[in-house]
Structures are given as C-alpha cells and as structure tokens.
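**Q** This is what each chain is made of:
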Amino acid sequence: MMRGAPSQHVSGTRTMVNFRRRIGVVAVLITLAGSQAHAADPVANPKLTARIDDLLEQQWQADGIEPTRPTSDAEFLRRVSLDLTGVTPTVSAVRDFLADTDPAKRSKLIDRLLDSRRHAVHFARIWREVMLPSSTNEQFRLGAAAPFERWLEQQFVDNRPYDETVRELLVTTGQVNAVGPALFYQAVQFKPEELAASTSRTFLGVQIQCAQCHDHPFDQWTQKDFWGFAAHFAQLRRPDDVAQFRGLVVDTGTGEVMLPDTDVVVQPRLLDGRHLDEALTAGTRREQLARWLASADNPWFARATVNRVWALLFGRGFVDPVDDFGQHNAPSHPDLLDLLARDFADHDFDMRRLLRVLTRTRAYQLSSEVTYDAARRRHAFAAMSVKSLSADQIYDCLQRVTGNRLLSSGPPSSSDVAARRAFLAKFDAPTQQVTEFQGGIPQALAMLNGQVVADASHWEKSDLLVAVTDSPFFSNAERLEILFLAALSRMPTDDERNRFEEYIAVPGGEFEASRRLADVLWALINSSEFILNH
Amino acid sequence: MTINRHSTRGRTACPVAATLSRRGLLRATLGGLAGAGACGWMPAFAERFADDPQRTRHCVLLWMAGGPSQIDTFDLKPGHANGGEFKEIETTVPGLRFSEHLPRLAQLADHMAILRGMSTAEGDHGRGTYLMHTGRPPEGPIRYPTIGAAVSKELSDANAPLPGFVTVAAGQTFNRAAFQSGFLGPRHAPLAVAARNDVRSLQQIEADQDFARLEIEDLGPPAEVGLGQAARRARLLQELQSDFTARHVGGASAMHHTTVQRAIQMVHSDAADAFDLTTEPDAVREMYGRGRFGQGCLLARRLIERGVPFVEVVLGDQGGWDTHTANFPSVAALSAELDAGWASLMEELNDRGLLESTTILWMGEFGRTPRINGNAGRDHFPQAWTSVLAGGGINGGQAYGQTDAGGMTVVDGALSVDDLLATLCGAVGVNPRKQNISEVGRPIRIVDGKPVSKLLSDPIAVSPVGEES
Numbered sequence: 001m002m003r004g005a006p007s008q009h010v011s012g013t014r015t016m017v018n019f020r021r022r023i024g025v026v027a028v029l030i031t032l033a034g035s036q037a038h039a040a041d042p043v044a045n046p047k048l049t050a051r052i053d054d055l056l057e058q059q060w061q062a063d064g065i066e067p068t069r070p071t072s073d074a075e076f077l078r079r080v081s082l083d084l085t086g087v088t089p090t091v092s093a094v095r096d097f098l099a100d101t102d103p104a105k106r107s108k109l110i111d112r113l114l115d116s117r118r119h120a121v122h123f124a125r126i127w128r129e130v131m132l133p134s135s136t137n138e139q140f141r142l143g144a145a146a147p148f149e150r151w152l153e154q155q156f157v158d159n160r161p162y163d164e165t166v167r168e169l170l171v172t173t174g175q176v177n178a179v180g181p182a183l184f185y186q187a188v189q190f191k192p193e194e195l196a197a198s199t200s201r202t203f204l205g206v207q208i209q210c211a212q213c214h215d216h217p218f219d220q221w222t223q224k225d226f227w228g229f230a231a232h233f234a235q236l237r238r239p240d241d242v243a244q245f246r247g248l249v250v251d252t253g254t255g256e257v258m259l260p261d262t263d264v265v266v267q268p269r270l271l272d273g274r275h276l277d278e279a280l281t282a283g284t285r286r287e288q289l290a291r292w293l294a295s296a297d298n299p300w301f302a303r304a305t306v307n308r309v310w311a312l313l314f315g316r317g318f319v320d321p322v323d324d325f326g327q328h329n330a331p332s333h334p335d336l337l338d339l340l341a342r343d344f345a346d347h348d349f350d351m352r353r354l355l356r357v358l359t360r361t362r363a364y365q366l367s368s369e370v371t372y373d374a375a376r377r378r379h380a381f382a383a384m385s386v387k388s389l390s391a392d393q394i395y396d397c398l399q400r401v402t403g404n405r406l407l408s409s410g411p412p413s414s415s416d417v418a419a420r421r422a423f424l425a426k427f428d429a430p431t432q433q434v435t436e437f438q439g440g441i442p443q444a445l446a447m448l449n450g451q452v453v454a455d456a457s458h459w460e461k462s463d464l465l466v467a468v469t470d471s472p473f474f475s476n477a478e479r480l481e482i483l484f485l486a487a488l489s490r491m492p493t494d495d496e497r498n499r500f501e502e503y504i505a506v507p508g509g510e511f512e513a514s515r516r517l518a519d520v521l522w523a524l525i526n527s528s529e530f531i532l533n534h
Numbered sequence: 001m002t003i004n005r006h007s008t009r010g011r012t013a014c015p016v017a018a019t020l021s022r023r024g025l026l027r028a029t030l031g032g033l034a035g036a037g038a039c040g041w042m043p044a045f046a047e048r049f050a051d052d053p054q055r056t057r058h059c060v061l062l063w064m065a066g067g068p069s070q071i072d073t074f075d076l077k078p079g080h081a082n083g084g085e086f087k088e089i090e091t092t093v094p095g096l097r098f099s100e101h102l103p104r105l106a107q108l109a110d111h112m113a114i115l116r117g118m119s120t121a122e123g124d125h126g127r128g129t130y131l132m133h134t135g136r137p138p139e140g141p142i143r144y145p146t147i148g149a150a151v152s153k154e155l156s157d158a159n160a161p162l163p164g165f166v167t168v169a170a171g172q173t174f175n176r177a178a179f180q181s182g183f184l185g186p187r188h189a190p191l192a193v194a195a196r197n198d199v200r201s202l203q204q205i206e207a208d209q210d211f212a213r214l215e216i217e218d219l220g221p222p223a224e225v226g227l228g229q230a231a232r233r234a235r236l237l238q239e240l241q242s243d244f245t246a247r248h249v250g251g252a253s254a255m256h257h258t259t260v261q262r263a264i265q266m267v268h269s270d271a272a273d274a275f276d277l278t279t280e281p282d283a284v285r286e287m288y289g290r291g292r293f294g295q296g297c298l299l300a301r302r303l304i305e306r307g308v309p310f311v312e313v314v315l316g317d318q319g320g321w322d323t324h325t326a327n328f329p330s331v332a333a334l335s336a337e338l339d340a341g342w343a344s345l346m347e348e349l350n351d352r353g354l355l356e357s358t359t360i361l362w363m364g365e366f367g368r369t370p371r372i373n374g375n376a377g378r379d380h381f382p383q384a385w386t387s388v389l390a391g392g393g394i395n396g397g398q399a400y401g402q403t404d405a406g407g408m409t410v411v412d413g414a415l416s417v418d419d420l421l422a423t424l425c426g427a428v429g430v431n432p433r434k435q436n437i438s439e440v441g442r443p444i445r446i447v448d449g450k451p452v453s454k455l456l457s458d459p460i461a462v463s464p465v466g467e468e469s
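Those sequence lines, one after another, are chains A and B. Counting in this note's numbering, the first sequence runs from 1 upward without gaps. Counting in this note's numbering, the second sequence runs from 1 upward without gaps.
I should point out that these hints are in silico values taken from the structure, not numbers from a laboratory. Think of the CB as a built atom: it goes at the ideal place given N, C-alpha and C, for glycine as much as any other residue. Mixed in with the good hints, there may be bad ones.
[Said to hold, decoys possible] If you anchor each label on the Cβ, the simulated ranges turn out as follows:
#, chain 1, residue 1, chain 2, residue 2, range
1, A, GLN154, B, ASN159, 35 to 41 Å
2, B, ASN159, A, GLY508, 36 to 42 Å
3, A, ASP240, B, GLU286, 36 to 42 Å
4, B, ARG235, A, GLY64, 40 to 46 Å
Modelling step: build the complete structure from the supplied sequences, incorporating the hints.
**A** This is how it looks when you write it as structure tokens:
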C-alpha cells in the first residue's frame, strides 16, 4: 500500500493494513542493540588512500597541528550515509552496523552505499545544481529540469566515466525538453558568452567571464582567450532565429563571435593556447572542444573535478571556492591535488572509485568535534568540518524519521511532490559555502513550528511515534533509544538517558506518555545535531 | 599589498590588489569599513553613519501589484482627451497636484518626490515585477535578490530579535522570484506576513466592522501543541543544544544555534508582539484602513519602531491595479485604500520622529496607457509612468521628470529602474555598488545605476561613485 503524504491525517480507526504495517515496523525495531565498536577498519587500505593520509600527516606534523579523534561507528555511519546517499540511515541499519563485528565493515558499508539507487539520485541532484545553478528558477519549473536530472541519475547508476558524461553534455543534440543535457544550453539561451562562462566554471573550475569585456584584472585571461573559448559555441542555432529554431540543439556550421563593440572576429582557441593537431580538428566546433576539455591532457579538468568531490566530502576544496582556480588562488595542498587528479585521469575518471578512495581515508573518518584551534585544524583537514544539509537532504531525513519509506515503488503522488516543492522553496540555499549554515529566522521558524516537522513529530501522524508508543514491548529506555536512533542515528549517552527518561516518566498514562515522547522527538529534530552533517 | 591600476577600454580604472584574490578583497571590504584600495565614497559614508546615533535606517516599499495608473494618481492631465474622470487637487506644495482621491497624501506632499519620468521596457506583469524588484530583467543564470533582501542585508543587525526583511500581503504575485532573496540565500529571505486564512474582500471586512487578519507562517506552535507543551519542548531543545555546540566550536553549528536562538527569542519575547495588531486602539486601525494594505501599513510602523530595516507592503495582490476595464471606479477605490494606509503611516512615523530615517518607495511593475481603451480601462504602459520616493534622505516637495501634454512620452528627467533603486539605496545610506557574490562566483552589485543627486537630501551621497571591485 502506498504511503500517503505526511500531512495526511491517520484516522483513529485502525485498519488491518495499518496494524500489520505497525507490527512490521515494531518487528524491525526489535533487534538486538549492539555495542559501539570504536576500532577503525584494519583492512589494509589501498595504496592511494594510504598515500593521501601520509601526505596530510606530513603537513600536520610540519605545522604542529593535531588531528581530532577518529569517528565512532555511529558518527561514521551517519556521515557517510548523508554524503553518499543524501539521507541518514534507518534505525535497523544503525543497529546492524553497530552490532557488526566484521573488521572490514566500514569499507563494505561504503561499497553498499555506492551501489545503491539512492546514491545515484543524490549525486544527480548535486550535479544538477553544479551544472545548472539556477535550476530552481521559475522558468525551469515547467519540467525541463526533470529530464536533466534523470539523465544524470542514469550516469551515476551506470558509473559512467565522468569524461564521457561531460563530452556527451557538450556535444548533445536534440529537443530541449526531451533530451536532458540540452537544458545546459537552454538555460543560457544558447549564448556563446554564457556557455563559455558556465562551461569553464563547471568543468574547469576557472572563472573567465571577467575577461568578457576587458582583459582580466589580475588573472591570466585576456579578452581574446575568453572569446576564443566562446567561439566554440558560436555555431549553435540560436532562439532568436525564430524561423528555424524549434527548440533543437543543432550545429549549423556557420556563425562567429566578435569582440564586443567591434567587428573583430575571434577564431576558436583553447584556454591553454594550444593549437589542435589534425586528428583533433575533425567535427563541429563543439566536438573539438569536447575532445580537448574532457580529457587527461587538459590541465584543469581532472583537478577541478577532484577538487569538487573533495569539497563535497570535506566541506571545502583544496582550491576554495571550487570554481576559482587561478594564479591568485593557490591550492592548499598542491601535491595532494595533483596526486588525486592524476589517479582520477589514469583510471578513466571513475567517480565511484574516487569516492571510495576518499571515504576510506583516515582524514575523512576524523571527528568533527573540535574545541580549540578550530579554523586552522579544519583548513588542514585535521578535523572534519560540519556541513549544512541541502533542502532535499533535510526533507528526506524528516521523511525517514516519520517512518515514511523513501523511493517507494512507483512515482511519488502529486501531493508528495507538492509538499516537497513547498519545503524546498523555503529551505533552498546556494550550494557553495556548505560549511556555513544558510538559514535565517523564517527557516528556523519552519523547523520549530512548521507543518512538516509538526507531522514528523506528531503522536498520531508519525508512524515511528505511534509504533513506539503503542507497542507494549518497549520500556521507556528502549523507546528513548529508538527515538535517538531514528533522529540522530546514535544511542543516547548515559546522561541523556537519565534526563530524558525522567522527562518521559511523568505520570499521566498513555495520553501524557505519547505527548512527552513526541516532545523528545521534536527536540531531537530541531537540534543542530539533526540538521547538520557532522 | 600592491595596487595595480589596470586600464580598461573607456571605463574607469578598476583598482585592485594583484596579490589578493578578488574574493579575499571583497571579504575584507564586506565589513563595510575597510578603506584600503576602495574608492573614496564608501569609507566617508560609513564613517559618517558610524558616528550618527540615529544610524538605524529603514525602508518601506509600497508595491502596487498590477501596474498603477499614473495619469489617475500622481500625473494627471486635466483638460486633455487622456485625462479621464478624476479632478486634480492642490497639495501643500504649490504647483504640485495629485488626484482628488488622495487628499491626505496631498497634505504630506512636502515629504514626497513624485518621479514622473519612469521609463522601463517590460510590459509583462511577471517580467515587470521582477525587473522593478531586482533592477534586472528575468533572464540568464543568475537569481538576483529582491531589493528588500539586498538592502536589509546591509542595514540589519545579525543579533536583532526580529528579522531584517518582512513582506506583508505579498500572497498571490505574478512572479515569486521577485520577492525572494535569490543568491543571497535563505538567511536574507523575507519573513512573510500574509492574510492566508482571511480571503474576505475589503467591502466584506468593512461590512463586518472588522479588520483584515494578517498572520505569520509558523510564528506559533501548531494548534494541537499547547503553550505549556511548547515551553517544555523549548527547554528540552536547549539542553540538547548546549552539549553539541560546546563540542563543535564555531562553524555551521554555531551559526545554526544562533539562528534557532533568535527564532525562539522572537517567538517568546516581546518582539513577536509587533505582529499583534489587536493591541492597537480600534480608532488607529480604522484610520489606516481595515483592509490588508491598511493593516499592513500599521504593521510596518510597528516593525520600524522595533528596528526592522526593510518592510514591503503590497496593495492589490492578485493584480488589483490591473485596470484594463472599469479603470475609474477601481482606481478610486484603490486610491482610497492607498491614501488611508500610506498617509497614516507617514503621519505616525513623523509623530514618532521616525520619518526622517525611513525612506518610502511607491511603485508598481509599470504604468497604464494614457489613452483610454474601449472598456473604459487603461492597459499596460512602461514607457512613461510614475513612482514616488518619500521620507528620510529624500528631497521631498518636488516633481522630478515630466511627461508630454498627453502623458505619452517622457520629455524630461527620464528615470530607469537602475537609477531609481540606486537613489533608494543612497537615501538609506547603502552603497548601491556594493558587491555580493552570486552562486556562479560572479560579483554582482546591489544595483547597477547611479543615485539621482537632485532627489537626495544628504550631500555625501552626491559625491561621484567610483568602481568598487
């Protein structure tokens, strides 16, 4: 039976289906609680992972920086689930992981997460935001963004080599609303100067648009560089050619760009000033560009991509902001960046492999708890930075806490879609500066008093709360545990157990008990620990 | 830090530091008071306001949804075929006349600058709304912030109990993005006050002898949670927070904690009383007008009293001013609402000594055709229309710009949206050329225009505005 939207009121009468479902939920919750294993994964790490940690440790020793402690299993599970699949683990997943005595469990967890469908969905969303930062604009609500995201999802499901994905995007043809990648062109009205700017920013990490009107003030780009790059997009059929356009991405074989306010035509020229040899000059201009751009020969492509992925996991890249490579903005760890870039290129730009390597490092598995020298240690990656969750992630985590199944069979109902969209509209934040909390008072009020959180912590509407309250099997201690596992993916500390059990144990029968448990869940959901990725 | 003057073709030189990254320099100057390398405008300006004890400036944007008819409000053409039904009345400023349906505003004309030379290029509701709110047409990859977000970002205090930007009755609009904070992110998004559950017309409200009910979404706990329970929950939350934030110094956790504290404080403190209009005497509420706009103006006064820097109040949500048919009765009714709300707001701010630090901008997405159409209505007309700047920082008591005898073109003092918004910034002491970084890494100025010196009462704002990188 399809789970309805969380705002649906679950009526007081218990149908057989509801009852069976709740027993199922209860059964899942009754698994043995495991002890927290603290040992790091002793499986010999691949050479690259070890090399990364060596390089970082050398720098820490040289600078007198002390790394934080390793993450506990619970902390690691939550962090890597959020980073790789966009959502916190289920209660049973937490229990299983904590109870697992396999010394290689962390590596196996990473592999499981990378193979999951959720991983593809999550990374499709991330990459959609990277490639189309304005994609939540009104103009895209008419559905053009959906094929784009579906196309991206398929890339991640197949673990397609990243250079192939980028090349496909750059040479795509076809109808704008039907072919996902075509939106990349539609979003900027096929303008060569805009395509030059977005292409170089997204795939090369280089901001060249400052050189559009004049030579770049302090970086190396001249106006000829900018327009030479833009010339590769000059032969697309433009929307203002109304008679011919018809919403297709098509290369016409004619068209040039000129320096602004002049008649000077600028020939296509690559950013590293090289001239393409005979073999590479076949095909349309876009094909020539794609061949150069998404390749190991291009000095920026691998480095910019690796830098972005590092920033996704660690909160900031070696080059920060991630799309501002240049002489004015040197990488914090140049050897490490080059090492990762070379490896990425040597292994067919395999995104999953890169993610696997990085999440297995000791550095990724360091705690985010830091009480002194915080900024310096975070910048050196000797402490994990606390990261904001995206609006999508917050919503999905709330759904999970409520007990809603995510990605249930079949497409989401229109009320689900509407509820998500309303929530996203309120919480949508720019994806840069993940190490800052982007929300203001309206967002805080939405969490404190809003409908979505109210339903997630409602004693009758939340499957989780109903299961926990109704079941006669649970003691208060166990009820509390389940709430902590669901909301924060960890067991309560002893101090928390005492304080919260006292709170729940106030006399007043079933009525009061269910309200008090709801209070606890509400507080857990509104805490910084819930809404942040630490 | 070395400074290279790099000449750019025909433009003023961009003085930048060769060794600092552009963003590094921006971050250093974002505090507003760093003068190194920046042009002379900003430091002098900032210094002056730092010394000024009355330094809190406010802004009220009165948004007329649908496109208000200029020729029936502030730029009448009596005796001309286009003139229409309304008569002119004298104001307190000799030679300046308004429509007969704005009598109370006429008494406040010395605070108002009537800008009759507005000329823009967007005649579509959605596009025009976006253009007038952001200073740019809705195109391209950048989500520009609405002027309220950009200005409140400069004026607001991060620790204030109330948010820096509030919108009232901006319910159904032609363009949602025009009221949002764009790339400035949710931190600068407006707190929206709306008449969500009160869909009565003004006539209905008046017949009920009632007042429009304005609510903030999520200000109070949901109905099923009692006040006692809400207080208990808040205490539980505080307990959880103290441990986590102690173990994670600075960074995102500290920022989140501060924001939650502010929100809780707002809900449980006196600050939230600002939104409770029932504490005002009925006579005052009536004076403003019983409808959403009138009560919205009253709310604006209360918010300004409590230091909120930017309030936007909408009249005509769902496009009330879009008078393609039956122009005159509609405009007469809307003018009555406008007159009551706006005049009351200015009078009461003035009584409290707050008008001199509050700048008011009145405008819609465009004006209306001088020629009356076959349905006794007027259609969209962006070529020549009127907006009004009033209050603090503005040289009131004048008409700036002029249209021809029939109101068809601007013959003098043409004003673009850029320069209008730049003038607004100048009036409240915000540098319009201040740059914020968009999500694609591009530095974007608040607005690309230049303030019109004739409209500003403050001489400092008149100095030449250099490029600030």
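**Q** What are the numbers of the hints that this structure violates, sorted from low to high?
**A** Hint check: 1 and 3 fail, others pass.
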